Amino acid sequence: MDESIVLQAEHINKSFHDPVTIPVLKDVSLIIKKGEFVSVTGKSGCGKSTLLYILSTMDTDYEGDLYIGGQAMRGRTEKQLARVRNESIGFVFQFHYLLNEFTVLENVMLPGLKLGIHSEVEVKDLAMDRLNTLGIQSLAAKKADQLSGGEKQRVAIARALINSPSIVMCDEPTGNLDKKNSLVVFDIFKKLAEENKQTLLVVTHDQEFAKNTHRTIEMEDGRIIKQ
Amino acid sequence: MNAHLIIRIAKALLLARWKQTLVAAIGVTFSITMFITLLSFMTGLNDLLDGLILNRTAHIRLFNEIKPSLDQPINQSKDYKGSYNFIRSIKSGSSRQEIYNSQAIMQALRKDNRVTGVAPKITAQVFFNDGSIDITGVVNGIDAREESSLFHFNDYVTQGNPLDIENVSNSIILGKGLAAKLLANIGDVVLVTTAKQQQFSLKVVGFFQSGLQELDKVQSYASIGTTQKILGKPSDYVTDIQLKMVDINQAPTVAKEFAKLFNADAEDIQTANSQFETGSSVRSLISYSVGIVLLIVAGFGIYNILNMMIYEKMDSIAILKAIGFSGLDVNRIFLVIAISIGFFGGLLGLFFGFLLSMFIDQIPFNTPSLPTIRTYPINYNPAFYLIASIFSLVTTYLAGWAPSRKASKVDPVIIIRGK
Ligand SMILES: Nc1ncnc2c1ncn2[C@@H]1O[C@H](COP(=O)(O)OP(=O)(O)O)[C@@H](O)[C@H]1O
Ligand SMILES: [Mg+2]
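Chains A and B are the protein sequences, given in the same order.
Residues 0 to 226 (numbering that gives the first Met the number 0) make up the first sequence, in order.
Residues 0 to 418 (numbering that gives the first Met the number 0) make up the second sequence, in order.
Errors might be hidden in some of the hints.
As the list claims (entries may be wrong) - The list that follows gives simulated cross-link-like pairs (lysine to aspartate or glutamate, DMTMM-like), each with its CA atoms no further than 20 Å apart: (1) B:K405 x A:D58; (2) B:K259 x B:D70; (3) A:K142 x B:D70; (4) B:K10 x B:E311; (5) B:K408 x A:E77; (6) B:K10 x A:D144; (7) A:K142 x B:D314; (8) B:K408 x A:D60; (9) B:K18 x A:E100; (10) A:K78 x B:D328; (11) B:K202 x B:D129; (12) B:K405 x A:E77; (13) A:K33 x A:E194.
What the hints assert, rightly or not - Under 8 Å between C-beta atoms, here's a sample of chain B residues computed to sit facing chain A: (14) A15; (15) V412; (16) I415; (17) G417.
Hints are computed from structural coordinates only; laboratory data are not their basis.
Since the model is a prediction, treat every value here as computed from it, not as a measurement.
Just so you know, even glycine gets a beta-carbon here, dropped at the ideal spot from N, CA and C.
Isolated chain A, as found in the complex (with noise of 0.2 Å):
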């Protein structure tokens, strides 16, 4: 197995069945290498959201393979898939999802204390170290639920980035911000890829978003049609 792969997807084929069963992948099968930047675009229910939980281990419902760090998913139980996207997937969902119960700072910490490797503290810098390279370390005592939807997106993604996982799944992570905003969290991207190597795999609807990464995966009714 090359080292150099980080996520490998075979063959994936999936469908829905309410009531009646509808394919929403059809034979998808890519190849995500360390330090790539890679979006995947296509039409408004092509599959890309679908295909991205897949990839992540929280869907578990679909036929093919999937190797992620050269290890098979399948055959997993949901203890180990849990550990999994701990420990080697951050996750920045569309809408901005962090526990309102929480402050910024302990919202980032979560996945770190929940790994368990390093003491509290070590968490916590880390943590700040995550929000110094976003630019939000002053957000750090507020509450989530105190944050704008841009604030929100860099701690989801400082959050996504505190294991240091070996990729990063986005599904439209502009796609509720304004323009602006859209433009800060594209540069944090851009940064983590150039400076930081970071792999990220990002779904976008956003052509301009797609046209500045490495490469661009296009979909079309469930399959991949360019890559």
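Starting from the known structure of chain A, fit chain B with the ligands onto it as the hints suggest.
For chain B with the ligands alone, coordinates are given in the frame of chain A:
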């Protein structure tokens, strides 16, 4: 590390919804408070009512019943050995009420280490003469000291000194009801007539109130010596020997043994007062049932609030799962929430239950039939507190079980997609 994190998240979720949490906890607090109070009070009452009879009743009573001999002469005849003998109209012979050799028996009993106390007694049926009216009554000849130490006789003497029957010659303590009928005051002299038509005058030195009015209308107490004199019997005449046992549950078997050994009748307390056992256990059963029902209601409260919380926190659950928490972790978070509601609610409940019991313990409760009782009775048995804590934890665990399971089964994809 993981446990610490789970408790931390549970705490944050709890505090974010502290009002609902408080309502749920108050439900538990209320039911535990009631459970403790109810059991303490009911058991207190049970003890009181049992004490009313059991404290004053001998565990074993030895006596001689007047009854026909089981061994009739015809059965001893060789001629009729092989036949069924029907005998009609048997009369009791000259068998005596007195216990033979009573002094020796009492000495033997005092040495028996299963027996804590021995008290002799003589019952004498008499008439109290009040002018032209005769009132039937009973004079109990007792040893005032033994009777007090074994059967709390002194507690029931409401006026006068119980030891006076020993110290004042020809003296008597009358039941309150009997005294009222005779219009007798302390220091007065009452006239008694025995079944053998002998008359005696006795000085009233005290009144006695047992709590059972029917009893107080006929009973009176005198010393053993005085009673023997009334009956014209010698100084070793005793009709009853009363025993207290170390272990009351041994009474039935030991009674049989003594009956055989001393060739007398022996009655144990369980046989004599079987209805009291039943009463006590039914009352306990009722208190436990009510307490458990209250807890179940509180459990449903917790169940509802957890369900609501899970519904509200679907997003949070989805995020937790997306960032690497397993279903089991989520399950534990909600179980911790449920059990902490049970724990803190229950702890407060124990405290308030104790306070409420103490309060009830202060409420005056005066009734003429219970002269020794001044406030409502409360039993502060630590076992109730233990049972209540176990119950509150178990109910909240059970109430949290289904919602926690539900939370652990939340599919993050559905939640994240559904926005
Ligand atoms: N739970 C579901 N049940 C049935 N069909 C679904 C479900 N979720 C998504 N779909 C369908 O699957 C297709 C792909 O959806 P999605 O992956 O969200 O597309 P995209 O993210 O590219 O817009 C759509 O046609 C959508 O209607
Ligand atoms: Mg989508």
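Agreement of A:K142 and B:D70 with the hint, judged by alpha carbon distance not exceeding 20 Å: violated, 98 Å
Agreement of B:K405 and A:E77 with the hint, judged by alpha carbon distance not exceeding 20 Å: holds, 15 Å
Supplied contact hint for B:A15, tested at 8 Å Cβ to chain A: holds, 4 Å
Given hint A:E77 paired with B:K408 - CA-CA distance at most 20 Å: holds, 11 Å
Hinted pair B:K259 and B:D70, Cα distance within 20 Å: holds, 16 Å
Interface restraint verdict for B:V412 against chain A (beta-carbon cut-off 8 Å): holds, 5 Å
Residue hint B:I415, partner chain A, criterion CB-CB below 8 Å: holds, 6 Å
Pair hint B:K18 and A:E100, alpha-carbon separation not exceeding 20 Å: holds, 15 Å
Proposed proximity, A:D144 with B:K10 (alpha carbon, max 20 Å): Holds: B:K10 and A:D144 sit about 18 Å apart, inside 20 Å.
Restraint status (C-alpha distance of A:K33 to A:E194 at most 20 Å): holds, 14 Å
Restraint status (C-alpha distance of B:K408 to A:D60 at most 20 Å): holds, 15 Å
Pair hint A:K78 and B:D328, alpha-carbon separation not exceeding 20 Å: Judged against 20 Å, a Cα distance of about 9 Å means the pair holds.
In summary, the structure is inconsistent with hints 3 and 17 from the numbered list given earlier, while agreeing with the others.
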